[in-house]
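Number of protein chains: 4
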Amino acid sequence: MKALVYHGPGKKAWEDVPDAAVQDPTDVVVRVDTTTICGTDLHILEGDVPTVAEGRVLGHEAIGTITEVGDAVHAFAVGDRVLVPAITRCGRCAYCQQGTPSHCQTVGGIGWIFGHLIDGTQAESVRVPFADTSLYTVPEDVPDQQAIVLADSLPTGYEVGVLAGGVRPGDTVAVVGAGAVGLSAVLTTGLWGAARVIAVDTNKFRLEKALDFGATDMVEVGPDTAVEVLALSDDGLGVDVAIEAVGFPETLLTAASLVRPGGTVANVGVHGTPVELPMQDLWIKNISITMGLVDTVSIPTLLKMVASGKIPAEKMGTHTFALDQIDQAYDVFKHAADNLALKVVLQPA
Amino acid sequence: MKALVYHGPGKKAWEDVPDAAVQDPTDVVVRVDTTTICGTDLHILEGDVPTVAEGRVLGHEAIGTITEVGDAVHAFAVGDRVLVPAITRCGRCAYCQQGTPSHCQTVGGIGWIFGHLIDGTQAESVRVPFADTSLYTVPEDVPDQQAIVLADSLPTGYEVGVLAGGVRPGDTVAVVGAGAVGLSAVLTTGLWGAARVIAVDTNKFRLEKALDFGATDMVEVGPDTAVEVLALSDDGLGVDVAIEAVGFPETLLTAASLVRPGGTVANVGVHGTPVELPMQDLWIKNISITMGLVDTVSIPTLLKMVASGKIPAEKMGTHTFALDQIDQAYDVFKHAADNLALKVVLQPA
Amino acid sequence: MKALVYHGPGKKAWEDVPDAAVQDPTDVVVRVDTTTICGTDLHILEGDVPTVAEGRVLGHEAIGTITEVGDAVHAFAVGDRVLVPAITRCGRCAYCQQGTPSHCQTVGGIGWIFGHLIDGTQAESVRVPFADTSLYTVPEDVPDQQAIVLADSLPTGYEVGVLAGGVRPGDTVAVVGAGAVGLSAVLTTGLWGAARVIAVDTNKFRLEKALDFGATDMVEVGPDTAVEVLALSDDGLGVDVAIEAVGFPETLLTAASLVRPGGTVANVGVHGTPVELPMQDLWIKNISITMGLVDTVSIPTLLKMVASGKIPAEKMGTHTFALDQIDQAYDVFKHAADNLALKVVLQPA
Amino acid sequence: MKALVYHGPGKKAWEDVPDAAVQDPTDVVVRVDTTTICGTDLHILEGDVPTVAEGRVLGHEAIGTITEVGDAVHAFAVGDRVLVPAITRCGRCAYCQQGTPSHCQTVGGIGWIFGHLIDGTQAESVRVPFADTSLYTVPEDVPDQQAIVLADSLPTGYEVGVLAGGVRPGDTVAVVGAGAVGLSAVLTTGLWGAARVIAVDTNKFRLEKALDFGATDMVEVGPDTAVEVLALSDDGLGVDVAIEAVGFPETLLTAASLVRPGGTVANVGVHGTPVELPMQDLWIKNISITMGLVDTVSIPTLLKMVASGKIPAEKMGTHTFALDQIDQAYDVFKHAADNLALKVVLQPA
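Residue numbers (the working numbering), protein chains in the order written: chain A, 9 to 357; chain B, 9 to 357; chain C, 9 to 357; chain D, 9 to 357.
Since the hints were derived computationally from the structure, they do not count as laboratory data.
Virtual Cβ for every residue (Gly too), placed ideally from N, Cα, C.
Among the hints, erroneous ones may be present.
[Stated by the list, open to error] Using C-beta positions, here's what the derived DEER-type ranges look like:
{"id": "1", "chain 1": "C", "residue 1": "Val235", "chain 2": "D", "residue 2": "Pro17", "range": "26 to 36 Å"}
{"id": "2", "chain 1": "B", "residue 1": "Gly55", "chain 2": "A", "residue 2": "Gly18", "range": "51 to 61 Å"}
{"id": "3", "chain 1": "C", "residue 1": "Pro282", "chain 2": "A", "residue 2": "Val86", "range": "54 to 64 Å"}
{"id": "4", "chain 1": "A", "residue 1": "Glu322", "chain 2": "C", "residue 2": "Pro356", "range": "51 to 61 Å"}
{"id": "5", "chain 1": "C", "residue 1": "His51", "chain 2": "A", "residue 2": "Glu322", "range": "46 to 56 Å"}
{"id": "6", "chain 1": "D", "residue 1": "Gly317", "chain 2": "A", "residue 2": "Gly63", "range": "46 to 56 Å"}
[To be verified] Computed footprint of chain A on chain C; a stretch qualifies when at least three of its residues, placed anywhere within it, have a C-beta under 8 Å from a C-beta of chain A:
{"id": "7", "stretch": "195-201"}
{"id": "8", "stretch": "307-316"}
Generate coordinates for the entire structure from the input sequences, incorporating the hints supplied.
Right under this line is the structure:
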């Protein structure tokens, strides 16, 4: 079969690899019907993720059809249409039993293994371990274009942003960074009744997308960002929840400057350097700062909301490519804002 | 009457001041029967808290007897024995109505006003605003020696450490810094069923006190602090909750290094400088970092636990002084560890 | 001034009474600009609430303007436009400090005192005790027609139905009884992300209103009510939350029959008789049954949601009357379903 | 092998049955080292549980050693010492993924299958399905005498009583019925910081056991039960949580009469008949009534608390028998109170 193989920093190729096959009785094989590219894939190609070995098939998001099942698989059968999430869940370690497979101890201490520790989903087929506890059935009325967004980016914005941030009815929420993950947070703030959602970004295209996705206000980043956001908040004291969806020191500090006493800064961004936090000002503010990898356990909830028409997830996929045009798709996604792109959708020709 | 007056950095005097008196119909006046000194008072004398004006009477903790009540006070009468907590609660601003008077907007945006924005409790008498919503009746079977600890240090360790940290049954908790506030956290971890409590400090006296106060293990700070603490935790992955009770960058970083994926760092310490947080390592760990000022709303709960004999709060008061020996009391408290002191108790001669 | 006075079962009169006046320094007097009638008022007139003495002015909901303030009132001034909620909050008893003034111990063990233990709001003016902790400022952009619904019925459906029921994103919710309070629950299920809301009633007008107010499905009561509702739920196992908004044994049993294992029955209805609960079937289902009086503490949240346009509260007021036409308003409201009425709105001529 | 076989109401025999063997790749076989008898076993023998077929091996609690493992079992190996809990957890249905295997849809809609829908643990060996997600490793320092209590009764009292009841620090808790499950609740109220625990029973032996297990007060059932319990509660308003651990209408009504406004009645008892609930009095009290089957997901927490010496679970086993004396053990357990028995412990001779 064909797959996108990582050959070290800056190098990748769509090439022949051995067919995916069941190895353990709890495995299934899924034929990939739809996949996409994540910001993390770009980091890997920049050489920032040394745990990815050369020769690894990339990708950790897919919608597909089961073509082979192991002997111990109870819940799925050949022909089932499934969502392969970014996170693998053994179902029995302490983390999985608490609903936090992001740190599944069985699969390596971290639940993200596709396109990282095992071969991934940017391929014609993929082996899925612990299928019973990891896969989700896709309802008939949810098309691939919607469902693919639920494999990683939508649950990331929702779980690491909205849920960890503790958004509650009536809240004012600021989302710093309106890329795919920030917009996923915007899309899902309504699930917890946010009254006001303020998108903060440098890019006009993204800010306008944010309004389209449900933000009530937008603030273009500038010298007065904090002043403008605070002016939109209750009593001018700041927002209840500030979601950071970029991953730089300055964006995290911006988020921290927006939050009112008693509020929460939910960091969703992937950071590469330390951040100097003004603890001399923050300690007294009764704030929480949360951070982490997605668990993808919210997928059943998000599937219901998408199926009921309450989350227009399909708006996230701005560009579509054939699977063998994946190099071109990476190019478009690498310069997403310039290309007016959010997520790219890849499907077999 | 006599009171301890702040006269600028390094200067204070036990001297005559005008008698405390009711100013607003919601005020009462309390004769101070017992007071104490807080680490914050030392910070003020070092000039670190510029919002304290010269001429201010210091102190924000007292047990006393009501001698005068305003016309609008419903819940208290002359002669009542009350606990004056560090935090004043107007009862009607959004923060107070949510149970977070630490940021009471009515009294100045911060609930800590005694010995800060108004005259305090290191005096023969003190005016208490918003008495109905701020004061607590002290049960007869709780002596002053126990109750005084509930005015600030015990609720601080409990609310900002144990509660904000989200300690839950079966948890392993590390407490970094075993001074009065760290020990208050140790004393109250059992209220949420901690299975293991590890005290971390440089000082042997404090570590032994921690064991006496309910810690199950102690680790003396050294090059292998984190290794030793992790060895005591489930699967060696780290503690569920790390409580920081010192206020320096290195102690906060130590706390952050002890916590397992999915855990919480509860910062209780008062910080004076920024802290460089290794976000490149932490972002993926699904941790929360909490911080803040005490609300003192846990006082009713803590009074019940003290009255039932389940929290031996009286162990915290290691030294007793007459009120007019307050200079001497400050000297002992300033060098608490050397003097084998935790809290000093001050009472009229 | 004029007011509606209760003269024993079945008897009431719009007549002269002494002017409302400040009695305690924490009181204010509010001129009534808008009031309404509650189902509870009908119960009183039927003689079902013996704690209402003859001579009592009825009513517990108002929007108005402050005309007099007591000496100890800090937060409000003459001329302020305020919402007078059904529940009075002393702000200092244990119940009030926990945010549950429904059982305020200071005002009589129950927070509902207007038109019950003290004179009420169906009058030209009303004395409001504990004004600072009880009243809410009405934002300029929220007209009386919307705000009046927040004095009792909307928070009742929200707090006692949606909040107590623990509605969470993705949930399926059944609302048994689509009168004013049931429809209030329907209107607010979206604040917690309900995916599906099923209205259950015998009355077509109310069922259609429910769809207009946000229900996704309606089931007319009949022999197969439970079968039809279960068919709409995930896996056919039942709804996550069943809200009972009527107050009869059969409606509570219907609600209990709709809920899936692990779900919640939130009883909002006022009951007059015992209910025989099939505990032999229910004990194993891991359900909760909640019940209670509103606290009205959700009013700030609901005001924000109404102001942001996310809750069309004004749809609830179907009929408008002058204050001195109150007898006629009672007649319409008493036969609400026949008159295609939900809430009646009363304003000075 | 030998096992206790059910032969219809009133009939059972310790007799030869086919050896337990792996059937599915996710099964293991456990040699039973310790088992016990549950009140539910008595109900089965009385013919009250028609879903138990004749020929079924009884029992749903065991500590044992693995003797055979299926091909898909990852977490356990032959020779491992394990706890077999009352509840089986497939790990992948919606209920299991939410941590509520009491209603596991895969194994039959109810997680209790041993000695019910499949052969149980009152045998020399037992087949355990879904071993990876159901079994728990027993720490070396926890002896069988302690661990066996964690298979059902201790988690039942804890989860269905203390957890469902929402016990919080400072609470006053009443436990109605001080048998094995009620005492399990008493033993675990301290995990959530109960200040006062009042045991209510008709039997002096059980009441004294309750004091030994950590209750602070006891009330012998009589005409003034409620008066006496309320006198022990804050302000005389009633307890925060009333745990019902018997299963009769009168005991549930007693529990409901003890709870203060805003409190919770946690029903643990197994009911056989309807209960007439005084909803005309209760609806206004803002109480919750919870009920259900145990999930046994608290076992890891309870194992830590037992290992740390904080829960003396071994006190529950009052009588020990050889496995082939099981008839005698049933006789003693059937008349537990008369025999001064709580749990009987059965081990191979």
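Cross-check of the supplied hints:
The supplied range of 26 to 36 Å is met by Val235 of chain C and Pro17 of chain D, whose beta-carbon atoms lie about 33 Å from each other. Checking the proposed 51 to 61 Å range against Gly55 of chain B and Gly18 of chain A shows it holds: the Cβ atoms sit about 55 Å from each other. Checking the proposed 54 to 64 Å range against Pro282 of chain C and Val86 of chain A shows it holds: the Cβ atoms sit about 56 Å from each other. The hint said 51 to 61 Å for the Cβ distance between Glu322 of chain A and Pro356 of chain C, and at roughly 52 Å that hint holds.
For the pair His51 of chain C and Glu322 of chain A, the beta carbons lie near 50 Å from each other, so the given range of 46 to 56 Å is met. A hinted range of 46 to 56 Å for the beta carbons of Gly317 of chain D and Gly63 of chain A is consistent with their spacing of about 52 Å. Here's how the stretch 195-201 of chain C fares: 4 of its residues keep a CB closer than 8 Å to some CB of chain A, so the rule of at least three is met and the hint holds. With 7 residues having a Cβ less than 8 Å from any Cβ of chain A, the stretch 307-316 of chain C passes the three-residue criterion, so the hint holds.
Of the numbered hints given earlier, the model fails none.
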